[in-house]
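Asker: The primary structure of each chain is shown beneath.
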Amino acid sequence: MDPLEICYMSAGELSPLIQSKALSPVEVIQAHLDRIQETEPVLNSFITLLPEEALAAARRAEADIQAGRSRGPLHGIPVALKDLYNTAGVRTTSGSRIFDTFIPHEDCTVAAKFNQAGAILLGKLNMHQFAYGPTGENPDYGHMHNPWDPEMVTGGSSGGSGSATAAGQCTITTGSDTGGSIRIPAALCGIVGLKPTYGLVSRFGLTPLSWSMDHPGPMTRTVEDTAMAMNAIAGYDPKDVASARVDVPDYTASLTGDVSGVRIGVPKEFFDAPLDPQIGQGVRDAIALLESMGAQVREVDFPMFNDSQAISTAMLMAEASAYHKDLLARDGDKLYPPVRLRLEAGLFITAADYLRAQQGRALFNQQARDLLNEVDLLAGPTEPVTAPPILADHVQAGQHSVGTTSALTQYTRPYNITGFPAISIPCGFSGSGMPMALQLCGRPFDEPTVLRAAHAYQQATDWHKRRPPL
Amino acid sequence: MAAESPMTYDAFLSLANESGLDVGSGAGNAHMEELYSYVKAVLASLRSLNELDVSQVEPDMAFMPFRE
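Protein chains in written order, with the numbering used here: chain A, 1 to 470; chain B, 471 to 538.
Treat the hints with care, as some may be off.
Simulated crosslink set (DSBU-like; lysine-lysine; CA at most 30 Å straight-line) [claimed, not checked]:
1. B:K510 <-> A:K334
2. A:K465 <-> A:K325
3. A:K21 <-> A:K465
4. A:K325 <-> B:K510
Partial selection, computed: residues in chain B whose CB lies under 7 Å from chain A [unchecked claim]:
5. L483
6. S489
7. Y508
8. V509
9. V512
10. S518
11. L519
12. L522
13. V527
Sample of chain B residues with no beta-carbon within 10 Å of chain A, all distances over it, derived [stated by the list, open to error]:
14. P476
15. T478
16. Y479
17. D480
18. N499
Bear in mind the hints are in silico, worked out from the structure with no lab data behind them.
Note that the coordinates shown come from a computational prediction; the quantities given were computed from them, not determined experimentally.
C-beta: ideal position from N, C-alpha, C; glycine also.
Whole structure, please, built from the sequences with the hints as guidance.
Answerer: This is the structure:
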């Protein structure tokens, strides 16, 4: 089989071939390692590669499957983890040279679950330093580059996850999403990114940014692969104080291709905000397609959307600075200057500001809950712009010039406040060939409906099948 | 600090010092001036929090999303 075709196959396509012994995990892993070697000089997706370990694991997987000891649908599937997921015996830098030699002694829960499922770790992925930025800049390990145009950002903070997945370097990757860090690179790189409900996927063993808004989750090219990954990593974890005691369904069972009767609300405020008209049209077209497939679509009011930046800024900055205060005092001058600036500025958020933001969060959550009592999903753009140039401090969103960080987090932060599940899926390309994305948000723990609608959309379109030109 | 009146540079330096930041001279001052501008911009962006009517609302401190 053509190695490049293997690299662009989904886990849903690879798994039956591996399970039926038509394709060896060794062949799968070798194809991906070759793809990484070919494209990494352009993309810089990885901080640490594990070629020998991955090939050894592939040989074990091959032997196990040959002997009838399959561990399930992810057995032999390549995965890579954002480099703030602790991995036993493998360095975990959080994107900073300060932790260049930090080797955890224990796997984070997500790594342990992937390992238990037989997935094969290819390496650790590049990221915005300490996950504190939405672009994918990193002077310590080199900036990440967008596979669709290497002059453009991947988005962040899980930028290496975005580029690796989009370019066929890996089948399933992970991100962590505090203000959009899964959905932003997913949107800008043209892949699928799910921020699960807060508490559904364990945060144990991940470097925190904001305790109350950190969400680990999968990044893939298809919604089916996202569902397969969620089957492996979701569930209660006593090691995470925020972990939810909820039943975890088979997420692939929700992928019926049918959206009949699903009620979709489209907040009009999303389209009043700064927005590239091409993206606005692309998202409206995507929603219209879902309507033509049987969804019930209507416009809704979400006025507190306009308060989401202030609420989340106060919470995120205060929590991030509290977590990193000792690091700041010890190694502040070794931080990427914009990250240092954000961490230091967070020290000036008062307790009163933080608590007022939490009061605002209560109001915000109530309004979001009320909306999701009327509809099943909220739909809108994931990003107001396509990927901007690396190091651009402003972007043009329609007629508005907006700070890059504010723009890239404009539509993602609201669902970090609520903790509700939100997915980004590709919904077209701009005139310059850059990906555009639709975001769908559902009720807490209603990932099945979110995945059902996203999968149905992918079944009716082929945006996710397009490949970047490298 | 999301008050209407802007923080003076001296007040900022005092708070920075209290927070454990190095407010020393030389290169430190240039950094503090940049941080001062940034902090003012951040605090200004939070002023809209004061416009929310939160008189009947307790802070959502449980860090748990609503569960049905």
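Asker: A separate judgement is required for each hint: does it hold in the structure or not?
Answerer: Hint check:
Taken as a hint, the K510 of chain B and K334 of chain A pair is honoured in the structure, with Cα atoms around 24 Å apart against an allowance of 30 Å. This hinted pair does not check out: K465 of chain A and K325 of chain A have alpha carbons roughly 44 Å apart, beyond 30 Å. This hinted pair checks out: K21 of chain A and K465 of chain A have alpha carbons roughly 25 Å apart, not beyond 30 Å. Between K325 of chain A and K510 of chain B, the direct Cα distance comes to roughly 20 Å. Compliance with the 30 Å bound is thereby established for this hinted pair.
At its closest, the beta carbon of L483 of chain B sits 12 Å from a beta carbon of chain A; the interface hint therefore is violated under the 7 Å criterion. Look at S489 of chain B: its Cβ gets to within about 4 Å of chain A, closer than 7 Å, so that hint holds up. The restraint placing Y508 of chain B at the interface with chain A holds, with a minimum CB-CB distance near 5 Å, inside the 7 Å limit. Residue-level restraint check for V509 of chain B holds (minimum Cβ-Cβ distance to chain A is 5 Å; threshold 7 Å).
Because the smallest distance between the Cβ of V512 of chain B and any Cβ of chain A comes to about 5 Å, under 7 Å, the interface hint for this residue holds. With a least beta-carbon distance of about 5 Å to chain A, the hint placing S518 of chain B at the interface is held under the 7 Å criterion. The interface hint given for L519 of chain B is met, as the beta carbon of that residue sits about 5 Å from the closest beta carbon of chain A, less than 7 Å. About 5 Å separates the beta-carbon of L522 of chain B from the nearest beta-carbon of chain A, less than 7 Å, and the hint is met.
For V527 of chain B, the shortest C-beta to C-beta distance to chain A is roughly 5 Å, which falls under 7 Å, so the interface hint holds. Consistency note on P476 of chain B: stated as away from chain A, and its beta-carbon is indeed over 10 Å from all of that chain's, at 12 Å minimum. The beta carbon of T478 of chain B sits about 13 Å from the closest Cβ of chain A, which is more than 10 Å, so the claim that it is off the interface holds. Every Cβ of chain A is farther than 10 Å from the Cβ of Y479 of chain B; the closest lies at roughly 13 Å, confirming the non-interface assignment.
The beta carbon of D480 of chain B sits about 14 Å from the closest Cβ of chain A, which is more than 10 Å, so the claim that it is off the interface holds. With a minimum CB-CB distance of about 14 Å to chain A, N499 of chain B clears the 10 Å threshold, and the non-interface call stands.
Comparing the model with each numbered hint stated earlier shows that hints 2, 5 do not hold.
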